[in-house]
Amino acid sequence: MAALSDPEDPLAPPEGAPAGIFGPDGRPRFFTDPAVDRFAAALLSLASEVWVQEERLQALEARARPDETPKDPEAALKAFIDRVFAPLREP
Amino acid sequence: MSLELRHEMKPSLTAEEAARGRFVSGLRRFVLNDLAADMRAAYERRVEPAFERAHGRPPADGGEIHKAMRSDPAFQTYSAVRVQAQKMVWDCVAPAVARERQRRQEIAEKAEGQSGSVTLDPNLEAPRNVTAIDVHLMPGSYTGGEAMDAGAVYDQGLAVFSMGLMGENLDDIGSSMAAYIAHRFPDFQPAKILDLGCTIGHNTLPWKVRYAKADVHGVDVAAPVLAYGSARAKLQGQELHFHQMSADALNFPDASFDLVFSSMFLHELSRKTREKVFREAYRVLRPGGLMLHMELPPNSQMNAFDGFYLDWDCYYNNEPFYKGYRDEDPKALCLKAGFAADDYFQFVVPSIGIAGEPAVVTAAASAKPLPVRDRTTGRLAEGVSWFGYGAWRR
Chain A
36 MAALSDPEDP
46 LAPPEGAPAG
56 IFGPDGRPRF
66 FTDPAVDRFA
76 AALLSLASEV
86 WVQEERLQAL
96 EARARPDETP
106 KDPEAALKAF
116 IDRVFAPLRE
126 P
Chain B
98 MSLELRHEMK
108 PSLTAEEAAR
118 GRFVSGLRRF
128 VLNDLAADMR
138 AAYERRVEPA
148 FERAHGRPPA
158 DGGEIHKAMR
168 SDPAFQTYSA
178 VRVQAQKMVW
188 DCVAPAVARE
198 RQRRQEIAEK
208 AEGQSGSVTL
218 DPNLEAPRNV
228 TAIDVHLMPG
238 SYTGGEAMDA
248 GAVYDQGLAV
258 FSMGLMGENL
268 DDIGSSMAAY
278 IAHRFPDFQP
288 AKILDLGCTI
298 GHNTLPWKVR
308 YAKADVHGVD
318 VAAPVLAYGS
328 ARAKLQGQEL
338 HFHQMSADAL
348 NFPDASFDLV
358 FSSMFLHELS
368 RKTREKVFRE
378 AYRVLRPGGL
388 MLHMELPPNS
398 QMNAFDGFYL
408 DWDCYYNNEP
418 FYKGYRDEDP
428 KALCLKAGFA
438 ADDYFQFVVP
448 SIGIAGEPAV
458 VTAAASAKPL
468 PVRDRTTGRL
478 AEGVSWFGYG
488 AWRR
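Chains A and B, in that order, are what the protein sequence lines are. Each residue of the first sequence is one higher than the one before, starting from 36 at the first, in our numbering. Each residue of the second sequence is one higher than the one before, starting from 98 at the first, in our numbering.
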């Protein structure tokens, strides 16, 4: 049976929250194995750091080859995200 | 796209920090467009048919859809990425905000002599909906850190969060609402305007821009965002008056404002507090004045899936009153506060930054207001439009 909660208390689970959506640490849990939630977070942080290095590399290359037209940064980022996270998409 | 703030207090980012911000904006765009579309497809292909087989009917509401979606990989993937992207919004701006504390203070002090004010109340205890949780997963919420830190984190964080869809000065909601009111009610010239739960005043400013002669005030319970917002307004040459005050216990006389506004505020309040806020709005309005709220559209005006989609934030973005608010009827809230049924109106206005002012003029002139669009109203995605409602005080 779900614990009775005070609808005025911001720390209480929101009204209608399905059971088990938060782990014992109070954080949302999405996967059957909570370790997967942690790995998902680490994967995204890693992708972010790879992108940072990619931008730095592009800046150096632009300096080394000033005559070449630089890549459109927004398009390059979108292509990077689409490529890296393709396995997350629905088949 | 990741947005670069325009005012002087914007942090100077290192190349790495700017790149991180761009990545987070790009990641959010990927989640809110691509993974969101996948989640809808998964619902239509797998989850809804399975529910119908089990129950002999489709899900009745967003709550049932939420429970049914929990075990689907598309929901799990969308949710895990979105939560982490939200954390990364704040993480990617925090180092620059901390590093630039001194510089920010000096710039704010330089602007102190300009028109405008901030009145803080050290005796005001911030309510638990602000202090007990990290609202929007923002560490320390609106009151954390030193001096104006929370304001700076919120401002720079919103620039990353909004992906350019909240306007160059993060004022698209206020600008769209003010333009709509000005065009739909050209005879209404508010002399005194109040913005409730204004945080850094990003949506307070456009009211001063639209109604330059008006005396414009903003209230919030959190001192760091008010102090920051006041300096932010002064640096943009706008005279605003900020007060540390709770919207459910305003320290203003009866009948002292012509327009009482809020944006994205009511869903952060518990039911009881929300009712008090409506009563206070009614009390401080002059006869002929307007109460106006920009908010998420109510569940009753959306289909069940899109209702579930918006309510995600209630459970996973530390906004515990979000669904409770969206389950309420805006008109009933107004009536309960004392407004008359005939004086209520609601509308949808296209984003002025994306659709342009002519589209707002068209929406304001239309005999029949635009309906809530399930996939774009109140949602940071292509074609965004904003939901507003309010009532005139007799």
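Think of the hints as simulated: they come from the structure by calculation, not from any bench. No residue lacks a Cβ here, since even glycine has one placed at the ideal position from N, Cα and C. A portion of the hints provided could be inaccurate.
No farther apart than 27 angstroms at their CA atoms in a straight line, the calculated lysine-lysine pairs in the DSS-like style are these [stated by the list, open to error]:
id	chain 1	residue 1	chain 2	residue 2
1	B	K373	B	K465
2	B	K369	B	K310
3	B	K164	B	K207
4	A	K113	B	K107
5	A	K113	B	K433
6	B	K289	B	K184
Distance ranges between label pairs, derived from CB positions [to be verified]:
id	chain 1	residue 1	chain 2	residue 2	range
7	B	V306	A	A114	55 to 63 angstroms
8	B	S109	A	A70	32 to 40 angstroms
9	A	R62	B	T216	49 to 57 angstroms
10	B	D231	A	G55	20 to 28 angstroms
11	B	Q202	A	R118	30 to 38 angstroms
12	B	S109	A	Q93	18 to 26 angstroms
Results of checking the hints against the structure:
Between K373/B and K465/B the alpha-carbon distance is near 31 angstroms, which puts this suggested pair outside the 27 angstroms criterion. Between K369/B and K310/B the CA atoms are separated by roughly 35 angstroms; this puts the pair beyond 27 angstroms, and the hint is violated. Taking the CA atoms of K164/B and K207/B, the gap is about 53 angstroms. The hint is violated against a cut of 27 angstroms. With a C-alpha separation of about 25 angstroms, the suggested pair K113/A and K107/B falls inside the 27 angstroms cut-off, and the hint holds.
Proximity of K113/A to K433/B is assessed by CA-CA distance (about 48 angstroms); at most 27 angstroms being required, the pair is judged violated. For a cut-off of 27 angstroms, the pair hint linking K289/B to K184/B is broken: about 38 angstroms separates their Cα positions. Checked against the hint of 55 to 63 angstroms, the pair V306/B and A114/A fails, with Cβ atoms roughly 38 angstroms apart. Between S109/B and A70/A the beta carbon distance is about 39 angstroms. The supplied range of 32 to 40 angstroms therefore holds.
R62/A and T216/B have their C-beta atoms about 38 angstroms apart, which leaves the hinted 49 to 57 angstroms range violated. As the Cβ distance of D231/B to G55/A is approximately 22 angstroms, the hint placing it in 20 to 28 angstroms holds. Distance hint check: the CB atoms of Q202/B and R118/A are about 43 angstroms apart, inconsistent with the given range 30 to 38 angstroms. In this structure the hint that S109/B and Q93/A lie 18 to 26 angstroms apart at CB holds, the actual value being about 21 angstroms.
In this structure, the hints that do not hold are numbers 1, 2, 3, 5, 6, 7, 9, 11, in rising order.
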